[in-house]
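Heads up: the protein sequence lines correspond to chains W and X, in order.
The first sequence: position 79 = 256 (my numbering), numbered continuously.
The second sequence: position 305 = 1189 (my numbering), numbered continuously.
No wet-lab data here; the hints were simulated from the structure.
Incorrect hints may appear among the rest.
[To be verified] Output of the computed footprint for chain X on chain W, the stretches with three or more beta carbons under 8 Å from beta carbons of chain X:
#1 311-318
#2 537-546
[To be verified] Partial list, derived from the structure: chain W residues whose beta carbon lies under 10 Å from chain X:
#3 Ile-389
#4 Ser-488
#5 Trp-489
#6 Gly-526
#7 Leu-549
#8 Asp-550
#9 Leu-570
#10 Ala-571
#11 Arg-576
#12 Trp-578
#13 Arg-581
#14 Glu-585
[Unchecked claim] A few chain W positions that, by computed beta-carbon distances, are all more than 10 Å from chain X:
#15 Phe-206
#16 Val-379
#17 Glu-406
#18 Ala-572
Just so it is clear, the structure is predicted and the values come from calculations on it, not from any experiment.
Where a beta carbon is used, it is the ideal one built from N, C-alpha and C, also for glycine.
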Amino acid sequence: METYGDLVAAEDVLLFVNAAITGTGQREFHGGAAEQQLSLEFLHEYMLINYRGPYAAALALDINDHNAALIVRRLLETSRDATAEQRHAEGRLIARRLELLPPKRAYRLIGELRRAKVNNRRTRAIVRDWLAARPDQTLDAVKYRAGLKRALRHTHLRPAAVETGDFLYAPRRRGAYQAPLLDTWRRAHHQQSALYELPYTVAEGFARRHGIPRAAFLERIEPRLTGLERLRLQESARAAGATAVTADGAALARMPLTRLASYVLGLPPADRVARRTELTGALRGAARRAVRAAGAEEGGWGRVAAVLDDSWSAYGSGVKRRRPLAAALACHFLLAALAGEYTALWTSGRTDALLARPSGPTPLGRRILDALDTAPQRLVIVSDGWDNAPPGLAAEVLRVWRTRLDPEHRTSIVHLNPVYDAEGFDVRRLAPTVPTAGLRDAEDLPALVEFARFAEGRTDLAELTAHLAARTESFLAAGATGRRPGAEETVR
Amino acid sequence: MTTTPSGPAFRLDLAGLDTRPAQVWGGVRLVPLVRAEPIEDLRLHQELYEPEYAAVPVGRRTDYLAYVPHGFVADWAQDGTPAAAYGTRLDAPSAIGATAPPERIRVRAPRRLAKRESRTRLRFLPLHLALEGYLALHFGGPTIAWEEWSDRAVRHGLSPRAEEAYAGDRVRGLADALRVFEIHPGQCGLVVYVADALAAAFVVPHPDDYRALHRTLLLDLYGELIHHYALLSAAVPDFRADLRMAGPVNSLSELRAAVAGQERAWTDFHDDTMAGGLLDPDYRAREVRRLGRFRLARFLPEFRPKQENHIGEAITDEHGRLAYLKTFRLSESQVRRGHLLERLAAHQWHLPSAAASLGLTEPQLGLRIEGAGFASLLRQDVLDRYRRAALRY
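Turn these sequences into a full structure, and let the hints steer you where they fit.
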């Protein structure tokens, strides 16, 4: 029996999941950072107090790392309010999620727990288990020195080796270290050649200290770069005059789809044209891998039309540069792989996806009409929801389509929104008749489209709870078998 | 100097410019104007001035002092061929990679409000032509030395004449609204509404010029009215499309027709109703300079109290088509001042007949002159007599 309270609960949970997928507390096109953080803080507080179970279960969904860290912190801060059963369930979820977090985020989270003076038994146990599961504490000691030190201090743990303890707390006590990495770190203080055996982020500081020119440093540290570091650095390295740092085709082929899309959009248009075959190939390959990873079938979605937003607001902001556009571009390639027959419609009217750039207004209503003209089985709209040419036309077109032209739901329509709207505590919706879901990585698209059905019409709380439970199960089960393929690698 | 606006009455006409849907941010509504065919043979671009104040000598021992954040430079071609924006250089392909920025002419203190810089280039200070036109309205003072006017009024006219305005960045919400505004392809103009009061209209010849000059709307001047409206207004609602009035829709093509109808409805509503205060009244233009087939003119309204009144400057081509437009909305007290001066001038500054034409008694008109800030024009004893008379009534 559905009660009014159940409906509200289901809507609140959906709203929170959308926020947790998209909100990062950073500046967006339409809103400032402070506004975003305030809005997210409120949502977390509200969820924690009213729906603690679903709040913890959100860790099992594809929410972003920022919100995952916030959830973990709040759950640990309020251990006292949880029942024994809840604590058990939360503990497993937290442990699994911590494994997936990039180590720097996990260490920062522990630092925040220290600042908040959260040091209950549960917290200590969780941090202990996480530290024990780290593959190489010596590497962590060098690469995340302050973080590891803080974590050990906070939880009163002993380092795995006595030497590591000395390294962290009294580095000058020893003349030499047995562990090669620690000893390299010691030598790098006075011996320039030693710093090239350190991880890049550590070596960078030493290079500065020794006054090594940037270009020379980049040339020699090149073999130690991780894939992402190489990608991030190659443009600035070329400007500095270091030619060795290049992301080869093999590196591109390993990249996750959305990250690759971001990378492509960061290239100047002339480069994109010159490397068209290579980039398109890499994007298509990444999309195919994402489809396989999601357990979907290539070409299994039939006739698909997509309306993709490349208006000026897709630029995002200085801190999330071209993020909404990258999400749209990644969705474009993923949908092309999923669809049997695919039509892409960019709001600007351009047809060459590889040369996408944010510009112009957002005539979503017109584009949706064009998309519906192709009589698709599925229509996917990727947009930040600021429909402004004219405002509200998309909502009207979708309403008329649903109520008058397609009441029997021949076309399934879903709106994916990569941008959190701080004012509305949710992603912006286009129309009440069309489900809207937050979008982080295009790779999650098949799961999101499934999840979005909850947002269509009346939401059934029982069904939603069952879905969350199932996701939690599979999330924890995956932890037993191995790491998520997309998880970040620390060293090469 | 007396610059009484002359020339025939004319109306502003946005022909050739299509109105597109407005974008709203807080209390600011921005309406883009799109040109189907850009004007290629007249180009505008911006010059930024570093000194904070500019002094322009306008006569012997007379300077026009102004805060001039930027100036515009108009380039035109004699024979109708496309003109390049100043600063464009033709280079051998090998030199394109070189990063030296194009040289710019530095203007320290502008010599004239509108100055010809070369045979086909004119520099002018945006809005200042219009404002100067307003400030200089009947600047000479009484044309006949009736006994009521003070010595000073007869000798020096209205000098010094001052008006206040706010820079765009002091208008709350305007900066954000311009930042999040999504420029339409082919856009050549913008109409700015603050709390749904028409604050300014801005039109340029070419979309590229508009793209470059979009941010300069923040450097422009806005009247007191607009500043206060922005400060006090709540967010204005969007005009959302509504297909419920279109009747039953049974196919996609009917839906498409309904959508087109909505777009037309907005255009008509904007041009007839929202911009009516700018487009309907008559203006008196005064030509400032000819630029090839174009002419630069400033215009003044007829100063109708309690209504919208805009002053501005425009460049029109030989068919009267707008190539450039910039307007400034006068606030209510500025309109009253303009109206008063017009009435006085129309009656050769003869107070009794001017009062009769306004339906006032002479003392009432005297006090109105004082209220408008022109007390120094009247002789002190005359003003005192008016005050006493007003007390008696």
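Here is how each hint holds up against the structure:
no., hint, verdict
1, 311-318, "violated (count 0)"
2, 537-546, "holds (count 6)"
3, Ile-389, "26 Å, violated"
4, Ser-488, "5 Å, holds"
5, Trp-489, "4 Å, holds"
6, Gly-526, "8 Å, holds"
7, Leu-549, "6 Å, holds"
8, Asp-550, "6 Å, holds"
9, Leu-570, "4 Å, holds"
10, Ala-571, "9 Å, holds"
11, Arg-576, "8 Å, holds"
12, Trp-578, "7 Å, holds"
13, Arg-581, "5 Å, holds"
14, Glu-585, "15 Å, violated"
15, Phe-206, "7 Å, violated"
16, Val-379, "34 Å, holds"
17, Glu-406, "28 Å, holds"
18, Ala-572, "8 Å, violated"
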